[in-house]
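Asks: Each chain is listed here by its residues.
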Amino acid sequence: MGALKEDESQILQSGQGEGFFTTKFSDLLAWSQKYSLFMYPFVTACCGMEFMAVSSPRYDFSRFGSEAPRFSPRQSDLLWVVGTIVQRQAPILRRIYEQMAEPKWVLAFGTCASCGGFYDNYACVAGLDKIIPCDIYVPGCPPRPEAVLDGLLLLQDKIARRDHTPAIVKPRSDPREDQSLGLVQLKRSRPSTPAV
Amino acid sequence: MAKALVDLIKQKFPADVLETHSQRGDETVVVYAARWKDVARFLRDEPRADMSMLTDLTAVDFPDRSPRFEVVAHFYSLAKGHRLRLKARVGDSDGGNAEIETLSDLWASANWAERECWDMFGVRFAGHPDLRRILLYPEFEGHPLRKDYPAERIQPLVPYREVPDTDKIPPFRSDEGMSFGRQTHAQRPSDDDDLN
Numbered sequence: 209m210g211a212l213k214e215d216e217s218q219i220l221q222s223g224q225g226e227g228f229f230t231t232k233f234s235d236l237l238a239w240s241q242k243y244s245l246f247m248y249p250f251v252t253a254c255c256g257m258e259f260m261a262v263s264s265p266r267y268d269f270s271r272f273g274s275e276a277p278r279f280s281p282r283q284s285d286l287l288w289v290v291g292t293i294v295q296r297q298a299p300i301l302r303r304i305y306e307q308m309a310e311p312k313w314v315l316a317f318g319t320c321a322s323c324g325g326f327y328d329n330y331a332c333v334a335g336l337d338k339i340i341p342c343d344i345y346v347p348g349c350p351p352r353p354e355a356v357l358d359g360l361l362l363l364q365d366k367i368a369r370r371d372h373t374p375a376i377v378k379p380r381s382d383p384r385e386d387q388s389l390g391l392v393q394l395k396r397s398r399p400s401t402p403a404v
Numbered sequence: 010m011a012k013a014l015v016d017l018i019k020q021k022f023p024a025d026v027l028e029t030h031s032q033r034g035d036e037t038v039v040v041y042a043a044r045w046k047d048v049a050r051f052l053r054d055e056p057r058a059d060m061s062m063l064t065d066l067t068a069v070d071f072p073d074r075s076p077r078f079e080v081v082a083h084f085y086s087l088a089k090g091h092r093l094r095l096k097a098r099v100g101d102s103d104g105g106n107a108e109i110e111t112l113s114d115l116w117a118s119a120n121w122a123e124r125e126c127w128d129m130f131g132v133r134f135a136g137h138p139d140l141r142r143i144l145l146y147p148e149f150e151g152h153p154l155r156k157d158y159p160a161e162r163i164q165p166l167v168p169y170r171e172v173p174d175t176d177k178i179p180p181f182r183s184d185e186g187m188s189f190g191r192q193t194h195a196q197r198p199s200d201d202d203d204l205n
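Residue numbers (my numbering), protein chains in the order written: chain F, 209 to 404; chain W, 10 to 205.
In case anyone wonders, no lab produced these hints; they're calculated from the structure. C-beta atoms are modelled at their ideal positions from N, C-alpha and C, and glycine is treated no differently. Certain hints may be false.
Unchecked claim - A few chain F residues that face chain W, going by a derived Cβ cut-off under 10 angstroms, partial list only: (1) Leu236; (2) Arg271; (3) Gln295; (4) Ala298; (5) Pro299.
Unchecked claim - If you want a taste of the chain F side facing chain W, the calculated C-beta under 8 angstroms gives, among others: (6) Arg296; (7) Arg302; (8) Tyr330; (9) Lys338; (10) Ile339.
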């Protein structure tokens, strides 16, 4: 605040006039980018079922501004690689990545996309980062929707920081063992049937 | 029920049946490769056999045997509801000279099954109309389900990225993930400490 000129600090202190805040333009741009991630779903395998679960109303990642799927790479910002990548698909995946306009981000959904998983054989690519750079790795076979949302929020943090360092969603502890949450496992009770 | 079929083949081709066995209702007939197509045609045209459907056709690699490959065909009769397995042994011990007559003009389903068999095992089917690879790409060298194909040999279509040293956290700690897989990611103990 010491760097402000005298008349500016007077305006701030007086609290009069229209409301405003100061920021850098790049921060404002990153803020808007992180809440408008048009996605390109590159869905190749069983993780696609979990991808549908995350996009459907119960988990609903459109809450985080990642709603609109664009099946044209030129209109999309975030490439979701969902499932196993085989060697035969690798040129297609790289071409789609190259067709996407900057700025662009890549999310590896599940173990196969992250590192190949147990498909350690002649046919499969051991992780999409052998082909294209990746921003977020979400482990799991398939990942829980919570882990995917965690990955999406982690990606938004990275976009806000304008950071492209590859990151990973860390495996979480079992919530039942986390004492601080204070969760109690409920016994399922059978509703009593009225006598006929 | 299908034992009568075995007797039928023995009766019709007394000099060409190499061996037969039956276990838990599954009948198998091994014939000489030279008569492979004749036996198959007999099974299709003989009214008592009436094998209208070729369920599957594949091969097995026995690297220690002298006719190295065993070509296996599974037949099913839609009208009579019985099954039969027919085998023939081809190929030198070095994998060459593995050739057998095609069944694709008798059953249309043999077309793709024989292409897959060629793709995976390198068994040629003489007279096949279009013997190309069906699952792998044309640039692929060798036949991956042969026992002498190296387990770790991959043939990428796009060159893998050269990533000098990113600050990527490895996907799994050494005590996490799938312990039965080969460890393709170099273990960096310093990164292990960062993951709690």
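Asks: Determine for every hint whether it applies to the structure shown.
Replies: Results for each hint:
1. About 27 angstroms separates the beta-carbon of Leu236 of chain F from the nearest beta-carbon of chain W, more than 10 angstroms, and the hint is not met.
2. With a cut of 10 angstroms, the hint placing Arg271 of chain F at the interface with chain W is violated, because the nearest CB-to-CB distance is about 27 angstroms.
3. Among the interface hints, the one on Gln295 of chain F holds; its C-beta lies about 6 angstroms from the nearest C-beta in chain W, closer than the 10 angstroms criterion.
4. For Ala298 of chain F, the suggested interface contact is upheld, since its CB lies about 5 angstroms from the closest CB of chain W, less than 10 angstroms.
5. Below 10 angstroms, beta-carbon pairs count as interface contacts, and Pro299 of chain F has one with chain W at about 5 angstroms; its hint therefore holds.
6. Given the 8 angstroms rule on beta carbons, the hint for Arg296 of chain F holds: about 5 angstroms separates it from the nearest Cβ of chain W.
7. At about 5 angstroms, the closest approach between the beta carbon of Arg302 of chain F and any beta carbon in chain W falls short of 8 angstroms, and the interface hint on this residue holds.
8. Look at Tyr330 of chain F: its Cβ gets to within about 4 angstroms of chain W, closer than 8 angstroms, so that hint holds up.
9. Nearest Cβ of chain W to the Cβ of Lys338 of chain F: about 5 angstroms, under the 8 angstroms cut. The hint holds.
10. With a least beta-carbon distance of about 6 angstroms to chain W, the hint placing Ile339 of chain F at the interface is held under the 8 angstroms criterion.
Comparing the model with each earlier hint shows violations of hints 1, 2; every other hint is respected.
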